[in-house]
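If you count by numbering that gives the first Met the number 0, then the sequence shown holds residues 0 to 353, one letter each, in order.
Just so you know, the hints here were simulated from the structure itself, not pulled from any lab data.
Take these hints with a grain of salt, some might be off.
Just the calculated beta-carbon pair ranges, DEER-fashion [said to hold, decoys possible]:
1. E67 <-> E344: 28 to 38 Å
2. E67 <-> T125: 30 to 40 Å
3. E86 <-> R241: 44 to 54 Å
4. C18 <-> A126: 17 to 27 Å
5. R63 <-> G233: 26 to 36 Å
6. A247 <-> G85: 48 to 58 Å
7. S57 <-> P229: 18 to 28 Å
8. A126 <-> E67: 28 to 38 Å
9. A24 <-> R130: 14 to 24 Å
All residues carry an ideal CB built from backbone N, CA and C; glycine is no exception.
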Amino acid sequence: MPEYRPDYYSRFRCLASDCRETCCAGWEIDIDPESAARYRGLSGPFGEWLRQGIDWGSDPLCFRLKGERCVFLTPENLCEIYINCGEDALCAICSEHPRFHEQFGGHRESGLGLCCEAAAALILDTAAPARFVLLDSPEEGGEEPPLFRPLFAARERAFRIVQDRARPFGERMARLLEFGAQIQDRLDEGLPPDPDAPAVLPEGSAEEGALSSLCGGLLSLLLELEPFDPRWPGRIEKLCARLPGVLAARCSGDAAYENLAVYFLFRYLLKSVHDGDFLSKIKLAALLTLTILLLDGGTLLDAGTLSPEDRLRSAAACSRELEYSEENIAALEEACAWEEKFSLERMEAAFSAL
Numbered sequence: 000m001p002e003y004r005p006d007y008y009s010r011f012r013c014l015a016s017d018c019r020e021t022c023c024a025g026w027e028i029d030i031d032p033e034s035a036a037r038y039r040g041l042s043g044p045f046g047e048w049l050r051q052g053i054d055w056g057s058d059p060l061c062f063r064l065k066g067e068r069c070v071f072l073t074p075e076n077l078c079e080i081y082i083n084c085g086e087d088a089l090c091a092i093c094s095e096h097p098r099f100h101e102q103f104g105g106h107r108e109s110g111l112g113l114c115c116e117a118a119a120a121l122i123l124d125t126a127a128p129a130r131f132v133l134l135d136s137p138e139e140g141g142e143e144p145p146l147f148r149p150l151f152a153a154r155e156r157a158f159r160i161v162q163d164r165a166r167p168f169g170e171r172m173a174r175l176l177e178f179g180a181q182i183q184d185r186l187d188e189g190l191p192p193d194p195d196a197p198a199v200l201p202e203g204s205a206e207e208g209a210l211s212s213l214c215g216g217l218l219s220l221l222l223e224l225e226p227f228d229p230r231w232p233g234r235i236e237k238l239c240a241r242l243p244g245v246l247a248a249r250c251s252g253d254a255a256y257e258n259l260a261v262y263f264l265f266r267y268l269l270k271s272v273h274d275g276d277f278l279s280k281i282k283l284a285a286l287l288t289l290t291i292l293l294l295d296g297g298t299l300l301d302a303g304t305l306s307p308e309d310r311l312r313s314a315a316a317c318s319r320e321l322e323y324s325e326e327n328i329a330a331l332e333e334a335c336a337w338e339e340k341f342s343l344e345r346m347e348a349a350f351s352a353l
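Starting from the given sequences, assemble the full structure and let the hints guide the process.
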């Protein structure tokens, strides 16, 4: 079965104790049935201690937390299970994170989640445009969904639109939105998507004040969502209060935002084979990218500079708050589909002015 993934995928390495935002704190870590069975049979003092660290009454089973940290996480941010039993003893979520996988019949896709700073460093690397490779996987798959091939080709075209460095980044994103609308029109009419549809913006797309209006609406929506980090709402409120200055400080010409947009398109756009909602996922990728751009603008306004570490923290924080909450990412996509403030015309006008 073919597997499609970013060319940096195999270069990922966990930072372990050097990670500033460990993935072993702040949320419950589910234990898959196979690992649970293995933990039940583990002998010796460590096996007994391990079983005491599992909440056997939860569904699914999970490790107990101590001060919002996994009970097996050392003060040095290392894993006691890994130290005592080796990598093979880790449960599925611990061994896989931040990798994600998506199956489309006989086609598999794998990527790295932006919430991890080590993964974010690879995603944000601007040495070259993001590229993807097709490899052979030993796993077998089923029949591809009917829309898979044309929508795969449409996503490839979306990548090229975003990576067209002959145009300003904001214009590229506006063209991406227009392309998404043309694909959506054909899907709504029961016609096969045309990946070669022209991404031509209507004349006069840019409107004064459109960018500020879109950003204000986006920030207001973010404040309605359930936060993961209690500091997150305060950060968004600060952006709201100083939005004109944040927009003036923005650095939208940086290639890092191109890579972020490509990452979000890769992660979400092909899911439209299941629901036929191509345009909402284009909008979702655009708004997630814009959120990180605003966070960076706030840092620039505060510090006068934006270090690579600052950018990594902002991107990873955005991902933890939005991508790694099923409720939050669903609320964002629903808003993209139905809320007037995120209409195609308003978003095209805003990004044209970015």
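Status of the hints after comparison with the structure:
E67 and E344 have their C-beta atoms about 44 Å apart, which leaves the hinted 28 to 38 Å range violated. Checked against the given bound of 30 to 40 Å, the beta carbons of E67 and T125, roughly 34 Å apart, stay inside it. Evaluation of the 44 to 54 Å hint for E86 and R241 yields a pass: the beta carbon distance comes to about 45 Å. Distance hint check: the CB atoms of C18 and A126 are about 23 Å apart, consistent with the given range 17 to 27 Å.
At about 29 Å, the beta-carbon gap between R63 and G233 stays in the expected band of 26 to 36 Å. Checked against the hint of 48 to 58 Å, the C-beta distance between A247 and G85 comes to roughly 52 Å, which is consistent with it. As the Cβ distance of S57 to P229 is approximately 23 Å, the hint placing it in 18 to 28 Å holds. In this structure the supplied range 28 to 38 Å holds for A126 paired with E67, their Cβ-Cβ distance being about 36 Å.
For the pair A24 and R130, the beta carbons lie near 33 Å from each other, so the given range of 14 to 24 Å is not met.
Hint check: violations occur at hints 1 and 9; the rest are consistent with the structure.
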